[in-house]
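Trainee: Here are the chains, one letter per residue:
Number of protein chains: 2
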Amino acid sequence: MGTIIAVDIGGTHLRTAAYESEQFEPSAYRRVKTLADEPGVFERMVKAIEEVRPHDGPLDGIGVASPGPLDPHTGHMLATPNIKQFDNFPLAPKLTEHFGVPAFLDNDANMACLGEWKYGAAKGHHDVLYLTISTGIGGGVIANDRLLQGYHGLAAELGHTIVDPDGPPCSCGFRGHLESFSSGPAIVKYVLKELENGAKSILKPDPNLNAKQVADAALRGDALAIAAYRRAGEYLGIGVASFLHAFDPSIVVFGGGVSQVGPLLFDSFHASLRKRVFHPRYLDNLKIEMAALGDDAGLLGARTLAEQSLQAIR
Amino acid sequence: MGTIIAVDIGGTHLRTAAYESEQFEPSAYRRVKTLADEPGVFERMVKAIEEVRPHDGPLDGIGVASPGPLDPHTGHMLATPNIKQFDNFPLAPKLTEHFGVPAFLDNDANMACLGEWKYGAAKGHHDVLYLTISTGIGGGVIANDRLLQGYHGLAAELGHTIVDPDGPPCSCGFRGHLESFSSGPAIVKYVLKELENGAKSILKPDPNLNAKQVADAALRGDALAIAAYRRAGEYLGIGVASFLHAFDPSIVVFGGGVSQVGPLLFDSFHASLRKRVFHPRYLDNLKIEMAALGDDAGLLGARTLAEQSLQAIR
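Order-wise, the sequence lines are chains A and B.
For what it's worth, our numbering labels the leading residue of the first sequence as 1308, then goes sequentially.
For what it's worth, our numbering labels the leading residue of the second sequence as 1308, then goes sequentially.
Incorrect hints may have been included.
As the list claims (entries may be wrong) - Keeping only pairs whose Cα atoms sit at most 30 Å apart, straight-line, the calculated DSBU-like set for lysine-lysine is: (1) B:K1519 - B:K1401; (2) A:K1519 - A:K1582; (3) A:K1582 - B:K1391; (4) B:K1582 - A:K1500; (5) B:K1500 - B:K1519; (6) B:K1582 - A:K1391; (7) B:K1425 - A:K1582; (8) A:K1430 - A:K1496; (9) B:K1500 - B:K1430; (10) A:K1582 - B:K1340; (11) B:K1340 - B:K1519; (12) A:K1496 - B:K1582; (13) A:K1430 - A:K1594.
As the list claims (entries may be wrong) - Simulated restraints, written as ranges between beta carbons of each label pair: (14) A:P1400 - B:S1334: 25 to 31 Å; (15) A:M1308 - B:I1620: 49 to 55 Å; (16) A:P1361 - B:Q1615: 49 to 55 Å.
As the list claims (entries may be wrong) - Taking beta-carbon pairs under 8 Å as the criterion, some of the chain A residues facing chain B (in silico): (17) N1451; (18) A1463; (19) S1478; (20) F1481.
Since the hints were made in silico from the structure, they are not lab data.
Don't be surprised by glycine CBs; every beta carbon is placed ideally from N, CA and C.
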């Protein structure tokens, strides 16, 4: 087998890595600015792929992890909120056209899930639930050793699970999603609303307040900041209880910046989960772990997607 | 290939059928009373299998559809609320011991899903969501042409999805599950509570009231009865919206007695679903259909489970 090139399109950086089969470390790696608002994202991607491409051996395929919505079955980006150039853009077919090899595409949370399953925290598990908690909540599911993609390629959008029909609006505009309770911006919004209602806190009603600042205040003992994370953890437990009932995984893996805060979020999460799981058997031998691959999960997932997809079409 | 015997354990009847490969109709069929409260359920099952068993050809295996909770990976029944004899009972191993052939077991909703996928309303679909709505709400999911079973064999318990953390208690004792809003008993409970609160209705506060009587009252124009079904449909739409986000199927199949009432439940279901699905693409080409196999779904699913499992171990 020849080289696989993996691409990870992030909000600020676009990264490419070349992987030789059976080797964990990339043989070449490149990181450039995405500059999502400016034209030429695709051209920057092509250049960053050229720069890691081997010159002395065959290129077998390309795998791409990108923010959605997208269609992994056709490799097309759909209407994108973030990268204007990718609005209804046939990304994988364009890469195939340019490089003459098969190219595959799936969303960043699915790719991080696949990466953690193949190389990281969920290695050896057959049924995996992955959740990334940051500015949004993304999900990924492995069932029977296979990534759950769905008919339209839109499965595992678990941040948009309705956990309370009358809950606050989500970033997507709909009400009461898990993301509208437990993401970073949801934690901040709760603090700002409570400040407006007269709650006492060392935090100021600053429109630029972020989840990290709330976490810092909580660690200094601020009651409002603590309550904000506790609430996020409680709803996270409600959501994950339903996900256990739905997918019955042997491991839950948490990635994303907000999940780095530790007990502040996870004490109430665990209490809520235990209170909400309707049969104790779901928790037998269930592992709950932090993601192990850090920023490389998306690249390693995109690599795995390309390897698996190439095997399937051979 | 020889004969497969399928068993369907229902609350009132226990049924067995013998299937020859490639033939849809059973070569023999038997229906006896389950008598769940009385001892000897296993012995009645063995007798009903003996009675459909071929005498002139090999028996290849046995598939069983049963109410849960159970472990499909070991074939053991767990703590059963309904059939006392099956409390922590190694059902599939006992059948193997008796008949000398492999035996396989999974829960009735999963088996109905598998049956509808192989022979019924979901034939040809690769990603299926099945929901049965009667005294409880059971779920089944096919992803990538494979039944979702999960690590403990407890996946797709979709009636126990939390749709409102402060909602009414479910039959399982936990709060706010889809089943506690949209099952038959949930519809009845809502009517009784509203009657207690002084709501006007042709229905009387009868503790033996059932969902069928509420449906009859609704069809006669009773406002409370109509509101009860409308509320059940609204929550069903909320639940199914989250299931689309999670599983992204190409078809949703409804079985069970309560789903037979038609527009009374499904008008508000469709309106609620359309209002709650967060991306219109989930609805592209999505089929929403009634189950096609009636009472035979469980038998045909158990048959399919046995056929697939035998293929996998060969």
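Trainee: State for each hint whether it applies.
Mentor: Results for each hint:
Between K1519 of chain B and K1401 of chain B the CA atoms are separated by roughly 39 Å; this puts the pair beyond 30 Å, and the hint is violated. For a cut-off of 30 Å, the pair hint linking K1519 of chain A to K1582 of chain A stands: about 28 Å separates their Cα positions. Between K1582 of chain A and K1391 of chain B, the direct Cα distance comes to roughly 27 Å. Compliance with the 30 Å bound is thereby established for this hinted pair. This hinted pair checks out: K1582 of chain B and K1500 of chain A have alpha carbons roughly 26 Å apart, not beyond 30 Å.
A C-alpha spacing of about 17 Å is found between K1500 of chain B and K1519 of chain B, which places the hinted pair at or below 30 Å, so the restraint holds. Under the criterion of a C-alpha separation no larger than 30 Å, the hint pairing K1582 of chain B with K1391 of chain A is consistent with the structure, at around 27 Å. Note on K1425 of chain B and K1582 of chain A: the hinted pairing is violated, with a Cα-Cα distance of about 37 Å set against a maximum of 30 Å. Between the alpha carbons of K1430 of chain A and K1496 of chain A the distance comes to roughly 36 Å, so the proposed pair goes past 30 Å and is violated.
For the hint pairing K1500 of chain B with K1430 of chain B, the CA-to-CA distance comes to about 41 Å; that exceeds 30 Å, so the pair is violated. Under the criterion of a C-alpha separation no larger than 30 Å, the hint pairing K1582 of chain A with K1340 of chain B is inconsistent with the structure, at around 38 Å. A distance of roughly 24 Å separates the Cα atoms of K1340 of chain B and K1519 of chain B; the hinted pair therefore holds under the 30 Å criterion. Using a Cα cut-off of 30 Å, the hinted pair K1496 of chain A and K1582 of chain B holds, with the two alpha carbons roughly 24 Å apart.
With a C-alpha separation of about 12 Å, the suggested pair K1430 of chain A and K1594 of chain A falls inside the 30 Å cut-off, and the hint holds. The supplied range of 25 to 31 Å is broken by P1400 of chain A and S1334 of chain B, whose beta-carbon atoms lie about 51 Å from each other. Taking 49 to 55 Å as the suggested C-beta distance range, the pair M1308 of chain A and I1620 of chain B does not conform, at roughly 31 Å. For the hinted restraint 49 to 55 Å between P1361 of chain A and Q1615 of chain B, the CB-CB distance of approximately 43 Å leaves it violated.
Against a cut-off of 8 Å between C-beta atoms, the interface hint on N1451 of chain A holds, since the closest Cβ of chain B lies about 6 Å away. Checking A1463 of chain A against chain B: minimum C-beta separation of about 7 Å stays under 8 Å; hint holds. With 8 Å as the threshold, the beta carbon of S1478 of chain A stays out of range of chain B, its nearest partner Cβ sitting at about 10 Å, so the hint is violated. A distance limit of 8 Å between C-beta atoms decides the matter here; for F1481 of chain A the minimum to chain B is near 5 Å, and the interface restraint holds.
Violated hints, listed in ascending order, are 1, 7, 8, 9, 10, 14, 15, 16 and 19; each of the other numbered hints is respected by the structure.
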